[in-house]
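K.L.:
Residue numbers (our numbering), protein chains in the order written: chain A, 1224 to 1338; chain B, 118 to 232.
Any given hint might turn out to be false.
Unchecked claim - Straight line, CA to CA, 25 Å or less: simulated SDA-like cross-link-like pairs of lysine to any residue:
1) A:Lys-1320 <-> B:Thr-168
2) B:Lys-231 <-> B:Thr-217
3) A:Lys-1320 <-> A:Asn-1274
4) A:Lys-1320 <-> B:Thr-217
Claimed, not checked - Take a look, some chain B residues computed to stay more than 10 Å from chain A by CB distance:
5) Thr-129
6) Ser-131
7) Glu-133
8) Ala-144
9) His-191
10) Val-199
11) Ala-203
12) Ser-210
13) Pro-232
Keep in mind that the hints were calculated from the coordinates and are not lab data.
Just so you know, even glycine gets a beta-carbon here, dropped at the ideal spot from N, CA and C.
This is what each chain is made of:
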Amino acid sequence: DTGVSQDPRHKITKRGQNVTFRCDPISEHNRLYWYRQTLGQGPEFLTYFQNEAQLEKSRLLSDRFSAERPKGSFSTLEIQRTEQGDSAMYLCASSRKRGADAEAFFGQGTRLTVV
Amino acid sequence: GNSVTQMEGPVTLSEEAFLTINCTYTATGYPSLFWYVQYPGEGLQLLLKATKADDKGSNKGFEATYRKETTSFHLEKGSVQVSDSAVYFCALSDWGSGNTGKLIFGQGTTLQVKP
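Pulled out of the complex, with its shape left as it was, chain A reads as follows (with noise of 0.2 Å):
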């Protein structure tokens, strides 16, 4: 159990161009979230899979934004046409159990700056 990991832990990218973060959850964990968190508030929920299907998709994941899980395995986000406003640090999340008891484990995170 080497945790959640994501990749890059920081990007700095140009005001249009594309990124694509990924995040390789704990083995055998079939539950997937991705999060954004601003300077001084708490994480928001952006999206959800359930092995490799995406369950749900928070109104703040825009149609730039894009998520995917091939194989129920690791997961990317994809950002198109980087906005200023997209700067924040990108978070996800594994969990293997459903219900009251379950307990989500966070990557670093992927800090993204749009310049």
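Position chain B against the provided structure of chain A, taking the given hints into account.
P.N.:
Just chain B now, with coordinates in the frame of chain A:
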């Protein structure tokens, strides 16, 4: 919709002082409640949780009791240490009605403990 409200920070205490961080929630179902901690430069870690009314979660000297009547989950510690300096997030997860178990976070409270 579901929401979490935390007391605003920063909270600055001297070592060995008593800590309370207030958290109240609004939920339509019967959520589980969590406290997560984020140390400088690290990812979110689960500190403690409670899954039903009157449950008390505890870990590392921290405690919080699930109070349904006051919709609260206040975090307490009897004697804080410098190493407790971090950002603390209150969160809820509602698995009812096919919910995905996503977490709804408060805005976070920064705790600074001085020697």
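K.L.:
The structure should be examined with respect to each hint, and the outcome stated for every one.
P.N.:
Do the hints match the structure? See the list:
1. A:Lys-1320 <-> B:Thr-168: 14 Å, holds
2. B:Lys-231 <-> B:Thr-217: Distance of about 40 Å is beyond 25 Å: violated.
3. A:Lys-1320 <-> A:Asn-1274: Measuring from Cα to Cα gives roughly 13 Å; hence the hint holds.
4. A:Lys-1320 <-> B:Thr-217: Roughly 11 Å separates the two Cα atoms, so the pair holds.
5. Thr-129: At about 17 Å from chain A, B:Thr-129 clears the 10 Å cut-off, so the statement holds.
6. Ser-131: 24 Å, holds
7. Glu-133: 28 Å, holds
8. Ala-144: 13 Å, holds
9. His-191: Correct as stated: the minimum Cβ-Cβ distance to chain A is 17 Å, above 10 Å.
10. Val-199: The claim holds: B:Val-199 sits with its nearest Cβ about 23 Å from chain A, beyond 10 Å.
11. Ala-203: 14 Å, holds
12. Ser-210: The assertion about B:Ser-210 is violated, with a minimum of 7 Å to chain A.
13. Pro-232: 26 Å, holds
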